[in-house]
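Asker: Under the UniProt record's numbering, the first residue of the sequence shown is numbered 1, with each subsequent residue one higher.
Just so you know, the hints here were simulated from the structure itself, not pulled from any lab data. Since we're looking at a predicted model, the values are computed, not measured. We put the CB at the ideal spot given by N, CA and C, even for glycine. There's no promise every hint is true.
Claimed, not checked - Here are the simulated DSBU-like pairs of lysine-lysine, each with C-alpha atoms no more than 30 angstroms apart in a straight line:
#1 173 <-> 151
#2 197 <-> 179
#3 168 <-> 197
Unchecked claim - Derived Cβ-Cβ restraints for the label pairs, each shown as a range:
#4 19 <-> 167: 16 to 26 angstroms
#5 131 <-> 167: 27 to 37 angstroms
#6 222 <-> 130: 30 to 40 angstroms
#7 21 <-> 143: 15 to 25 angstroms
#8 170 <-> 34: 14 to 24 angstroms
#9 27 <-> 207: 19 to 29 angstroms
#10 224 <-> 131: 11 to 21 angstroms
#11 212 <-> 20: 27 to 37 angstroms
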Amino acid sequence: MTTNHDPQLLGVYVLGVLEEQEARAVEEHLAACATCRTELADLRAMEEALGDVPPEALLDGPPDGGDLLLQRTLRQVRAERGDRTRRRRVGVGLAAAAVAAIVLGGGFAVGRGTAPGPQAITTTVPTPEPGAKVATATDPDTGARMTVKVKPAAGWVRVNASVAGIAKNQKCKLVVVAKDGSRQEAGSWLVSALGEKEGTNLDGSALVAPDDVAAVEVRTFEGDRIVTVTI
């Protein structure tokens with residue numbers, strides 16, 4: 001993504017189907033563009049809402065042409081990235097349609113913890129990128145929300161996290177949790193005023209085998225849990 005807005009490309013980014021170089025360009029643009037971060041939050045919210053569609057609504061199977069719609073959107077995004085005069089609502093509409101097609105067509109999974117009381121709901125988003133896993137959760141106690149993408153490397157993992165709902169000046173750690181309960185820090189940051197208002201996006205890595213990742217969480221430097229996303 002260039003310094004210009006491309007809502008269609010942003011919508012495809014939500015689905016996690018961009019090539020690594022394209023995804024990195026989107027993330028670089030998001031870091032400097034409040035408008036696109038707002039659009040991203042809207043698309044994430046719609047993605048989560050679609051993930052909450054009850055299974056009985058899908059008894060007749062996925063919507064016709066879902067895969068075709070996604071592929072057509074991808075082709076149109078890449079063909080028209082140079083045409084910045086297209087109205088933004090057209091791009092957002094196509095992105096929304098693609099999100100709906102992939103979520104309703106691919107289904108959804110909801111995971112809950114075993115601890116008593118209200119638990120964070122995790123929505124797993126289908127992605128064709130080999131080995132990559134994308135999931136979202138909102139903590140019912142803190143209200144913090146995180147969308148995380150875990151991508152396998154050679155014996156370790158790359159992590160991208162979009163975190164919102166944390167007060168400014170809070171020192172945070174991004175932590176990868178292994179299936180045996182051990183934890184490896186993937187990064188840390190100080191929540192800015194902008195981060196409190198619009199969220200924070202960051203990349204990290206952790207020395208945890210890809211198949212051994214159980215969850216990704218955000219904790220304070222004091223060790224208090226803010227939000228956990230089950231992978």
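Asker: Hints first: check each against the structure and report whether it holds.
Answerer: Checked hints:
1. Restraint check for residue 173 and residue 151: the C-alpha separation of about 19 angstroms stays at or below 30 angstroms, so the hint holds.
2. In summary, the hint linking residue 197 to residue 179 is not supported, as the alpha carbons are separated by about 33 angstroms, beyond the 30 angstroms threshold.
3. Only pairs whose Cα atoms come within 30 angstroms are accepted, and residue 168 paired with residue 197 is accepted, the gap being roughly 9 angstroms.
4. A hinted range of 16 to 26 angstroms is violated for the C-beta pair residue 19 and residue 167, which are about 35 angstroms apart.
5. Distance hint for residue 131 and residue 167: a CB-CB separation of about 35 angstroms, consistent with the stated range 27 to 37 angstroms.
6. Separation of residue 222 from residue 130 is about 38 angstroms and conforms to the stated range, judged on CB atoms against 30 to 40 angstroms.
7. Distance hint check: the CB atoms of residue 21 and residue 143 are about 34 angstroms apart, inconsistent with the given range 15 to 25 angstroms.
8. For residue 170 and residue 34, the Cβ-Cβ distance of about 20 angstroms falls inside the hinted range of 14 to 24 angstroms, so the restraint holds.
9. Take residue 27 and residue 207: their Cβ atoms lie about 22 angstroms apart, and the range 19 to 29 angstroms holds.
10. Range check, residue 224 to residue 131: about 31 angstroms between beta-carbon atoms, so the 11 to 21 angstroms window is missed.
11. Between residue 212 and residue 20 the beta carbon distance is about 22 angstroms. The supplied range of 27 to 37 angstroms is therefore violated.
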